[in-house]
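Protein chains: 2
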Amino acid sequence: MTAFPFRIDATDGAARTGVLETPRGPIRTPAFMTLATTGTIKALQPEQVRSAGADIVLGNTYHLMLRPGAERVARLGGLHAFMRWPHPILTDSGGFQVMSLAALRKLDETGVTFRSHIDGSAHTLTPERSIEIQADLLRADISMQFDECPALPAPRDEVARATEISLRWAARSKAAFGARDSQNLFAIVQGGTDEALRRSSAEALVAEGFDGYAIGGLAVGESHAEMLTTLDATVPLLPAARPRYLMGVGKPVDIVEAVARGVDMFDCVLPTRSGRHGQAWTDAGPINLKNARFAEDLAPLDETSDCPASRDYSKAYLHHLVKSGEILGQVLLSWHNVAHYQRLMARVRAAIAAGRFADMLEALREGARR
Amino acid sequence: MTAFPFRIDATDGAARTGVLETPRGPIRTPAFMTLATTGTIKALQPEQVRSAGADIVLGNTYHLMLRPGAERVARLGGLHAFMRWPHPILTDSGGFQVMSLAALRKLDETGVTFRSHIDGSAHTLTPERSIEIQADLLRADISMQFDECPALPAPRDEVARATEISLRWAARSKAAFGARDSQNLFAIVQGGTDEALRRSSAEALVAEGFDGYAIGGLAVGESHAEMLTTLDATVPLLPAARPRYLMGVGKPVDIVEAVARGVDMFDCVLPTRSGRHGQAWTDAGPINLKNARFAEDLAPLDETSDCPASRDYSKAYLHHLVKSGEILGQVLLSWHNVAHYQRLMARVRAAIAAGRFADMLEALREGARR
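If you read the protein sequences in the order shown, they are chains A and B.
Position one of the first sequence corresponds to residue 135 (the numbering used here), numbered consecutively onward.
Position one of the second sequence corresponds to residue 135 (the numbering used here), numbered consecutively onward.
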């Protein structure tokens, strides 16, 4: 396979900023990937997400294979055409969501059989099928290896078993992926919060050789401090020349802490899910628009933003929409949050380029302590 | 009061097309008013509704007085500023919805007391309070008289009583409205399907003198034929020089039949409500996107439209969104339906101007018979 060119333009401590060049366009790093779980960035049109500054979104193999079905997406032209997002897409492998959402799952060396949480129908995911779905049917720009991700806390031997099967599935994923000119495959380091397991996982995957390396199995129940310690132990083991992706993270302060440790890519459900539940992310943390103190607040969420949802609507109006359960409230808050996260990443990149990243990190740490 | 200039540019039989000039901009007639019930055109941003061709939207006094409260809207700058719709707004008087939605209502000569369907709080609506809410607090461009509208079928003496009290409330509404330079007040003809009641109601209101005349009490349970017979009997009694507004109507064929009888303005919940329930209006009637026959249909809803929701998304994708209960499906179908209705009205206006309205009417009748 041919790894996408990854250019690092500036570093500040372990933090780095650059561009991952894909055939569908550049991904500026550090990058936050907005979720397009079921083939839609929930509540938003693709143009709204693009105008908010997003270079790449993340699709979920588990959801899409169940509905509308991966073969159907392929017949309809692939995921980019189906959802009208012509820019880069990364897909997860389905491994994480099979474990968190599916019913009656049975895991063995081959893969996982399970029943759909939607209609109870039976399905199988193996490394080979996951890659077929991601790369051949959905036509993702970046596919992820199939893996098993245990929720934490978990007994060490359980984490060790999952880490080892994930390594064998990584090799099978790579073999199934084969050589491709315009698509990439990322590996996933597992090992929970156990330093030795993380090391053996990372070393084996790097020896195998992938286009990028993800850190999986965090943001699944461990503490903030445990997450940072695990990153401290893991990131230095990953090749500096390839992108590093911390899966499922997170709050702004988590993202910035991980950037400080050399991570380049992130994804998280927070901005879109919070938006659907009446929350808006601001520089001072999340606020709940349902709160009565916003009932006559004529200020917008962020008058310095060029996102219409952030700049043009009063908090009083958003309060009214949220209190009334109006769809427009979910649309506008989702849009604002997606834009807020993209603006955060733009500030992260600018701070690294200007050698001011430590100041930004300290400010976010202070905000999180308040 | 100063009636807004109403210019009739062309007629074709009883149908007419023209422009009602308001200080907030022209309303091209025949006009369809999209509902902005609770201060939001459900699921849509104001810019989307405007770009779909809407000149005017309709706000509901009943909903807005309960939440966020009319005094609050006034403190926030009035309804136009609150919901970011700087173009004309017509408000209903609350009379219709008090009768259909509120609990424990008690009606006497003074007005109606009732309890909120949201929180059970006690409220009163009188002609004077309704006008205060509409014209002073919400700052509607066009206010409607306070009226009582019985559901049909109803005993004749019940309809007669409601018609008579509505006449007395019309006079009180007019007195409360007083003389205003930049706002108008419309009367509402009642009388159910009874020709004599309609005549006495219309004659009394015209003698009183209003800026426009609505036909209320239809689309409340009577048949399509009864509605048309009532229009035949009522519209000719209304002054040709002022706008005529058929309240709560309706399906495309109902609208075009009423235009053929000389009606200029309409409102209806159908396009937005259908959109939230997975239905798209097309020239061949409504279609339900949930239907499996759309699962792999790559055609858009209307490739000739310049509304992105109609033109850019495949039916297959809309089917997936609707089946998955995704908010974006509700957004896109609402937007498409609003645009479809506005395009219908544009075609009605063009057909009248070109003297081809009879052909359009016949085509719609034929479609409705199929």
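Careful, some of the hints might be misleading.
Stated by the list, open to error - 16 angstroms max Cα-Cα, derived EDC-like pairs, lysine to aspartate or glutamate:
| hint | chain 1 | residue 1 | chain 2 | residue 2 |
| --- | --- | --- | --- | --- |
| 1 | A | K457 | B | D253 |
| 2 | B | K457 | A | D253 |
| 3 | B | K385 | B | E356 |
As the list claims (entries may be wrong) - Quick look at which bits of chain A chain B covers, simulated, 3 or more residues with Cβ under 8 angstroms:
| hint | stretch |
| --- | --- |
| 4 | 200-214 |
| 5 | 428-437 |
| 6 | 479-489 |
As the list claims (entries may be wrong) - Just the calculated beta-carbon pair ranges, DEER-fashion:
| hint | chain 1 | residue 1 | chain 2 | residue 2 | range |
| --- | --- | --- | --- | --- | --- |
| 7 | A | S316 | B | R504 | 19 to 27 angstroms |
| 8 | A | L432 | B | K240 | 52 to 60 angstroms |
| 9 | A | R158 | B | S357 | 50 to 58 angstroms |
| 10 | A | R481 | B | K424 | 41 to 49 angstroms |
| 11 | A | E500 | B | K424 | 47 to 55 angstroms |
| 12 | A | E205 | B | E437 | 44 to 52 angstroms |
These are calculated hints, taken from the structure and not from any lab test.
A virtual CB, placed ideally from N, CA and C, is assigned to each residue, including glycine.
We went through each hint and held it up to the structure:
no.	hint	in the structure
1	A/K457 - B/D253	holds (12 angstroms)
2	B/K457 - A/D253	holds (12 angstroms)
3	B/K385 - B/E356	holds (14 angstroms)
4	200-214	holds (count 6)
5	428-437	holds (count 3)
6	479-489	violated (count 0)
7	A/S316 - B/R504: 19 to 27 angstroms	violated (49 angstroms)
8	A/L432 - B/K240: 52 to 60 angstroms	violated (37 angstroms)
9	A/R158 - B/S357: 50 to 58 angstroms	holds (57 angstroms)
10	A/R481 - B/K424: 41 to 49 angstroms	holds (43 angstroms)
11	A/E500 - B/K424: 47 to 55 angstroms	holds (50 angstroms)
12	A/E205 - B/E437: 44 to 52 angstroms	violated (26 angstroms)
Of the numbered hints stated above, those contradicted by the structure are hints 6, 7, 8, 12, listed in ascending order.
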